[in-house]
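Colleague: Order-wise, the sequence lines are chains A and B.
According to my numbering, the residues represented by the first sequence are 1 to 353, in order.
According to my numbering, the residues represented by the second sequence are 1 to 353, in order.
These are calculated hints, taken from the structure and not from any lab test.
There's no promise every hint is true.
[Stated by the list, open to error] Quick list of in silico lysine-lysine cross-link-like pairs, DSS-like style, CA-CA up to 27 Å: (1) B:173 with B:52; (2) B:351 with A:175; (3) B:174 with A:351; (4) B:175 with A:351; (5) B:351 with A:351; (6) A:233 with A:137.
[Unchecked claim] If you want a taste of the chain B side facing chain A, the calculated C-beta under 10 Å gives, among others: (7) 183; (8) 185; (9) 193; (10) 198; (11) 204; (12) 335; (13) 336; (14) 339; (15) 341; (16) 346.
Ideal Cβ placement from N, Cα and C applies to all residues, glycine included.
Number of protein chains: 2
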Amino acid sequence: MMEYRKIKDEDDHDVASDLESLKGKSHTVASTNIAMATLGGGSSERTNWKRKGVVTCALTILTSSQAILIVWSKRAGKYEYSVTTANFLVETLKCALSLLALTRIWKNEGVTDDNRLSTTYDEVKVFPIPAALYLFKNLLQYYIFAYVDAPGYQILKNLNIISTGVLYRIILKKKLSEIQWAGFILLCCGCTTAQLNSNSDRVLQTSLPGWIMAIVMALLSGFAGVYTEAIIKKRPSRNINVQNFWLYVFGMAFNAIAIVIQDFDAVANKGFFHGYSFITVLMILNHALSGIAVSMVMKYADNIVKVYSTSVAMLLTAVVSVFLFNFHLSLAFFLGSTVVSVSVYLHSAGKLR
Amino acid sequence: MMEYRKIKDEDDHDVASDLESLKGKSHTVASTNIAMATLGGGSSERTNWKRKGVVTCALTILTSSQAILIVWSKRAGKYEYSVTTANFLVETLKCALSLLALTRIWKNEGVTDDNRLSTTYDEVKVFPIPAALYLFKNLLQYYIFAYVDAPGYQILKNLNIISTGVLYRIILKKKLSEIQWAGFILLCCGCTTAQLNSNSDRVLQTSLPGWIMAIVMALLSGFAGVYTEAIIKKRPSRNINVQNFWLYVFGMAFNAIAIVIQDFDAVANKGFFHGYSFITVLMILNHALSGIAVSMVMKYADNIVKVYSTSVAMLLTAVVSVFLFNFHLSLAFFLGSTVVSVSVYLHSAGKLR
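Next comes chain A alone, as it looks inside the complex (with noise of 0.2 Å):
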């Protein structure tokens, strides 16, 4: 079940404003769809749902499909390579598909100032912040695994799910209603549950600093996230793929510096694509794939949206990988997707008016 999680941080690797101004812009935003709605328009309230959920199904599926091709490169036994020099990769191809769709939409519409590529200090200078956070996060990982084995981690790693709802919570200041949070806990144990096999346990064994370690990075990573909204939602008219470039480009700086940092022996004496396959090179296409979905959540819909498209892919990979790889399915990962499904029944149900 470990590689279900594995690529979770990776996706979110690439995005990265002010918050005290983005408050007042989304307060904004929320008043002219109130307005629009209550003068009868609706169908603008109809886009924005329906853009809603085929980026939120976009999501889940890329998340879903990129599991199973790690599952399937590691039972292939090809996971040789640098997995920095393919996250670069990921950024690079990502920045590429940006500046394309760019030239695209100049084509039909022309330049405008919300989708002209060239920016001010101001706009650019939170961009690094979230792929500076994920560097840090990537560095802890090497130190965790001193006190936390790999598939305690991977227990551990949903700590994210709770920090994300906090800092959702503190940073952005937007409510949940108490039944959201209650599905929210739930999530969090629905996808924990659904992970459990018989050497869970030893999690509990885990030190103080191994705890402290994980609630850290689990910060860093929920931090990283909802700063990204941050971004992004601040200038609601602006270009998604402006914002995406911008984001991507500083994800290709701070992955060179991670390749630095930690395969640059292996890269400088076996090369850069040392390792590669033909289904490496199709996750990083996937992951790219999904790094941009994951961007056009934080737009669209939020961090918590995001949270869930990932918590049900990460099911969805098990239930495929049933008829793909002949998995047996456990008693515990049926209770954890009953209260996963309870859970997003829950967040809707539970919705504030």
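Let chain A serve as the given structure and place chain B on it in line with the hints.
Modeller: Just chain B, lined up with the frame of chain A:
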């Protein structure tokens, strides 16, 4: 963990209306309550709540200490008495305690229509039904072990939670809100999760006849509980001790039948009290008191409260066992307990207005 569940069957053994007339009655009671509340009375409302709370807490505490007694008696290796004779004594003791309570009430309040022991055929005709349902279920229990092992049976017994909810809705025609249904599904998942161990997955290999028997047993147990509530609530002003007395008389009769069917040889050869110990006496005492608490919960609350109460008791037992017997709590237990706690919250937050 299997011991915690073991006793659950026995404590609802005791109790057993005419459903159509109940629906009419409970409607009248509800409107009386509303009328009293709107008249600014409220104090009788408060008394009701207090009584409900007291009987629920009593049931929870008695059920946990029951389970602890069972663990204790197994640890001491003393579990050699025949369960049917113990059950018969439990019913007899409950009968005696009801009579004792009634003599005190007669002394204080005098004999009235509501507290006199004599009854009509119309009142008493439905009282044997719950006891008969339990007898039938306990006989089935001997056959299910051909299809499921004992730990697997403990897992399947959580189906009782769902069957009680469904039959409560269908038979008593009482509504639960969608949020409360979500809570109820979670209660079932949470209890099962808390009981997971490395062998639990075997239950998924249960054959079709095994599943059918488990579902039939869950329906019989749920039906007996719901039917008991119907009988007791049919005559709201009737003293609960009189209702209990008649229920327990039939409980004694049906348990006498069970002795003949299941343990005739053992009782004939080794005597009625063979294998009894001090712990056995404590267990019989505890079962009798918790049986009475179940009846009280049926009178002043309902089957849903009873299910929550006994489920929370199961978790309490495990926590207490950590201190008493050096039990180790599993990660699954923590996850299951959290899900059960959220479920209790949802049951109260989701109340229909």
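Colleague: Now tell me if each hint is right for this structure.
Modeller: Each hint, compared with the structure:
Taken as a hint, the residue 173 of chain B and residue 52 of chain B pair is honoured in the structure, with Cα atoms around 21 Å apart against an allowance of 27 Å. A hinted pair counts as satisfied when its Cα atoms are at most 27 Å apart, and residue 351 of chain B with residue 175 of chain A qualifies at roughly 22 Å. Pair hint residue 174 of chain B plus residue 351 of chain A holds up; C-alpha atoms about 26 Å apart against a cutoff of 27 Å. In summary, the hint linking residue 175 of chain B to residue 351 of chain A is supported, as the alpha carbons are separated by about 22 Å, within the 27 Å threshold.
Simply put, residue 351 of chain B and residue 351 of chain A have alpha-carbon atoms about 17 Å apart, close enough for the 27 Å limit, and the pair holds. For the proposed pair residue 233 of chain A and residue 137 of chain A, the alpha carbon gap of about 24 Å is at most 27 Å, so the pair holds. A cut of 10 Å between beta carbons decides the hint on residue 183 of chain B: the least distance to chain A is about 9 Å, and the hint holds. Given the 10 Å rule on beta carbons, the hint for residue 185 of chain B holds: about 6 Å separates it from the nearest Cβ of chain A.
Taking 10 Å as the C-beta contact cut-off toward chain A, the hint placing residue 193 of chain B at the interface holds, the least distance being around 5 Å. Among the interface hints, the one on residue 198 of chain B holds; its C-beta lies about 4 Å from the nearest C-beta in chain A, closer than the 10 Å criterion. Interface hint status for residue 204 of chain B: upheld, as the beta-carbon distance to the closest one in chain A is roughly 6 Å, under 10 Å. With its C-beta approaching chain A no nearer than about 5 Å, residue 335 of chain B sits inside the 10 Å limit, and its interface hint holds.
The interface hint given for residue 336 of chain B holds, since its Cβ lies 8 Å from the closest Cβ of chain A, which is under the 10 Å cut-off. Given hint, residue 339 of chain B at the interface with chain A, holds; its Cβ is 5 Å from that chain's nearest Cβ, closer than 10 Å. A cut of 10 Å between beta carbons decides the hint on residue 341 of chain B: the least distance to chain A is about 9 Å, and the hint holds. Among the interface hints, the one on residue 346 of chain B holds; its C-beta lies about 6 Å from the nearest C-beta in chain A, closer than the 10 Å criterion.
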